[in-house]
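Protein chains: 2
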Amino acid sequence: MAGVERECEVVVVGAGFAGLAAARDLTAAGVDVVVVEARDRVGGRSWSVETPAGFGIDRGGQWIGPTQHHLQALADELGAETFPTYIAGEAVEWRQGTRHTYTGLIPTSDHHAAAEGVEAILDLDLTALEVPLERPWAAADASALDAQTLATWFDTHLEAPGARSILDVAVKAVFGAEPAELSFLFTLFYCHAGGGLTNLVRTTGGAQERRFVGGSQQLARGLADRLGHRVVTGTPVTAIAYGTDRVVVSGRRQDEPWRIVARRAIVAMPPSISARLDWSPPLPGVRDQLSMRMPMGSVTKVHAIYERPFWRDEGLNGQLVSDDGALRSTFDDSPVDGSHGAIVGFIAGNECREFERLGPAARGKAVLSELERAFGPAAGRPVELVEQHWPAEEYTRGGPVAISVPGALTGFGDALREPVGAVHWAGTETATEWCGYLDGALSSGTRAAAEVLLALGYRGPGDEGSGGVT
Amino acid sequence: MAGVERECEVVVVGAGFAGLAAARDLTAAGVDVVVVEARDRVGGRSWSVETPAGFGIDRGGQWIGPTQHHLQALADELGAETFPTYIAGEAVEWRQGTRHTYTGLIPTSDHHAAAEGVEAILDLDLTALEVPLERPWAAADASALDAQTLATWFDTHLEAPGARSILDVAVKAVFGAEPAELSFLFTLFYCHAGGGLTNLVRTTGGAQERRFVGGSQQLARGLADRLGHRVVTGTPVTAIAYGTDRVVVSGRRQDEPWRIVARRAIVAMPPSISARLDWSPPLPGVRDQLSMRMPMGSVTKVHAIYERPFWRDEGLNGQLVSDDGALRSTFDDSPVDGSHGAIVGFIAGNECREFERLGPAARGKAVLSELERAFGPAAGRPVELVEQHWPAEEYTRGGPVAISVPGALTGFGDALREPVGAVHWAGTETATEWCGYLDGALSSGTRAAAEVLLALGYRGPGDEGSGGVT
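Keeping their order, the protein sequence lines are chains A and B. Under the numbering used here, the first sequence has 77 at position 69, and the numbering climbs by one with no breaks. Under the numbering used here, the second sequence has 10 at position 2, and the numbering climbs by one with no breaks.
Please keep in mind that the hints were generated in silico from the structure rather than gathered at the bench. Treat the numbers as computed from the prediction; the structure is a model and nothing was measured. Beta carbons are placed, not taken as given, at the ideal position from N, Cα and C, and that holds for glycine. Misleading hints may appear alongside valid ones.
Unchecked claim - So the derived label-pair ranges between C-beta atoms look like this:
id : chain 1 : residue 1 : chain 2 : residue 2 : range
1  : B       : E362      : A       : E264      : 28 to 34 Å
2  : A       : G38       : B       : G242      : 43 to 49 Å
3  : B       : G242      : A       : E264      : 49 to 55 Å
4  : B       : L134      : A       : E402      : 41 to 47 Å
5  : B       : E58       : A       : G367      : 51 to 57 Å
6  : A       : E264      : B       : S288      : 31 to 37 Å
7  : B       : G242      : A       : Y403      : 58 to 64 Å
8  : B       : A123      : A       : L141      : 50 to 56 Å
9  : A       : E13       : B       : D48       : 51 to 57 Å
10 : B       : E362      : A       : E167      : 38 to 44 Å
11 : B       : E362      : A       : S288      : 55 to 61 Å
12 : B       : V126      : A       : G112      : 33 to 39 Å
13 : A       : D40       : B       : S288      : 51 to 57 Å
14 : A       : G367      : B       : E85       : 53 to 59 Å
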């Protein structure tokens, strides 16, 4: 696309699940669409690769669970197969320097802590039901809920230190953030949007229930294939000039300028990343300042690959919950046929920051020793160890999701989805169901497409859309 | 500078007080410096203008107080005159729909609230003394202090609703943010850095003690004049490519590319704004994610200009503290000779966000009615009403300062001043004394210049520097 000017009706910025879903719905309604993507691939925070040694892994989002209807519909449409996350046997709990095993949702070596932890989760989930998904800032007592961190709520609702450590692990894994960083109101919204924290941390019956044979990115590729020439990768947008009925999206490719002139744009990027473009006129203050208050979480995903899933022989399911070290949670990530073994682990929140500072050699050493103490000596000798440090990924700069800091939702929340002139917003951060997940990304694209169709005077896409329109 | 490539030893990005101070010190040590500035003026968040009707006002930072030694030294050096903020007489308190007057630091209509407010400020200031200015994250109990908002601390330390409202006004005026948004650890650091919250809110003896005849921006102009051709304005930097001993700063001007090649760069911008440049290689994760956790405050500065400072005739000093409306605090901003009258008011935090959404006509009406109820009918008929909405300012996007959200300092604080390859960081947000003030901007520039001189093998600038080096 070097050196060209192109016209279309709607330009979509970002070919993650949100942008592709928006483009699918627009195309289905007969709209002329172009999707531009900075990376040389589609999928955004979904990224399936083959490792140097030839094993398939998901560097980003990888699971699908019940009630993720948008994701399931797309999988069905594209014929993507799923299989259950391996959960047979016991999980490992590393707690205060000692190894335990347990079954069920919550580590049980400290019964009192486990009971208190469950009670707190249920309490939080009940409170979350009171937060309206479209307008969390309209919740009763929203100001007070948004004026405190989740850590403060824990301080007043948890007594057993063990209970706090159980919940800290859950929160880090879900948000890539410390309880200290999260607005309590945002936490409630986010849990509600995914059917409760219980749902977010569960494998069976929850967000980690099933995986895709061949990885999750195939869904993005499937959407992109159908869109064909409408999707242009390797083309970072650097500037957006907008009015009320016209938008010019531009950049340079191999030092040649290009621009796309359209009637509407859908920007499907995390808020903090979208604000980095050169906007003309500058974005309204509330929109720009909202973007400053939705930082990306901090997560490093680590895959340890073995010849066999040896832990299964010992009655272990590959899950770990730890109160110490870099890896605070792991899952069995072996392929459906068990032809090799894989453990996927998450290094999140403060551990992710410290991990970055360690340097590659020390990082590998830390991970291996932690896997070894959990799953035995064989775990310290993987065939391959692969690290995906999301804060260093140029076009996302963190993961799995942008969090809202205290005061953000009540002060700025109504700017999250409000169009700015001819510019509409998509991305999983704008979703009201499964916010932060691939499913939320898809529904956000559908919602943004519907807004644009309405603005352009098209009939609603529900009639001829290819599914997923609610 | 269109279409050119230029070489120098050190390139400074940003000609605010920080960047200019750095350039001054480097030049004094014999270093070849270029300063590039996006705006068509120097001064950054200091911006003195003549209004359409011909009155001089400061759209940005305007005061100087005791212990602001860097700022005072520069004023002395440039022969800038100062004069005391007008404080004779009584201040107005608008509280629960009723007008009161008072003298001293704290509104006194509710004696119990006033006493509790003073006690809380003193308690906060004593606690602040325990926070190390160079490394707030090393404070005893830093994690707990950083895991809560200032609002949470207020919740547990204030009982009288009136006390909370007094402190809310102070916090909004100082930070441009709600107590809900501020990390308590950051609040303590910031107060300590300015000698205590008492100091930050005071006129006499504090941060609002004196003003500059002719405005504060003259100091930046004075520095820029001495730097001469080394300062290039109207030249937004869009990209920085860096290694360990080489940096290329570039942009386009009138669509012609330009670049400056140097051995070191000093980036003197707020962290969230600097992260928006196109960095090559991408900034380290911890640095980028820190920038996402230091949002700009929200403040609109309003000047109401009158033929005479009529409130003085009635024994009023032009100060207002209000628990309601857009304007929560004002000061007499008349010129030293009283040749006309001026009130400067601050619309901050949530009021600033709401104010933006109102639209210009409703905004003006709101401000005038609030001035009128405080200072009488004449206040509703200014010669001129001037609004400076900092969140809309393209190259700052908020003010007066970037705040740190909960978890930011303990998770990322050590990335605030840590050089990234050949790139060093300045700006008032990096200051350890008077962080957030013009004085802090100056000392941050001096600190960054000293780092660069050391890195380049120069002797310390203390020998031949033009002052301000500590």
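Between A:E264 and B:S288, does the beta-carbon spacing fit 31 to 37 Å?
-> violated (18 Å)
Is the distance from the Cβ of A:G38 to the Cβ of B:G242 consistent with 43 to 49 Å?
-> holds (45 Å)
Could you check the hint for me, namely that A:D40 and B:S288 are 51 to 57 Å apart, CB to CB?
-> 34 Å Cβ-Cβ, so the 51 to 57 Å window is violated.
So the hint says 49 to 55 Å: do the beta-carbon atoms of B:G242 and A:E264 match that?
-> Given range 49 to 55 Å: violated, Cβ gap about 26 Å.
Note whether the CB distance of B:G242 and A:Y403 lies within 58 to 64 Å or breaks it.
-> violated (30 Å)
Distance restraint evaluation - B:V126, A:G112, Cβ atoms, bounds 33 to 39 Å | violated (53 Å)
Regarding B:E362 and A:E264, is the given constraint of 28 to 34 Å on their beta-carbon distance met?
-> With Cβ atoms ~45 Å apart, the hint is violated.
B:E362 paired with A:E167, Cβ distance criterion 38 to 44 Å | 40 Å Cβ-Cβ, so the 38 to 44 Å window holds.
Honestly, do B:E362 and A:S288 meet the 55 to 61 Å range at C-beta?
-> Given a distance of about 26 Å, which is not inside 55 to 61 Å, the answer is violated.
For the range 51 to 57 Å, tell me whether the beta carbons of B:E58 and A:G367 fit it or not.
-> holds (55 Å)
Satisfaction of the hinted span 41 to 47 Å by the C-beta atoms belonging to B:L134 and A:E402 = This hint holds: roughly 45 Å between Cβ atoms.
Assessment of proposed distance window 53 to 59 Å (beta carbons of A:G367, B:E85) | violated (45 Å)
Hint compliance for this structure: hints 1, 3, 6, 7, 8, 9, 11, 12, 13 and 14 are not met, and every other hint is.
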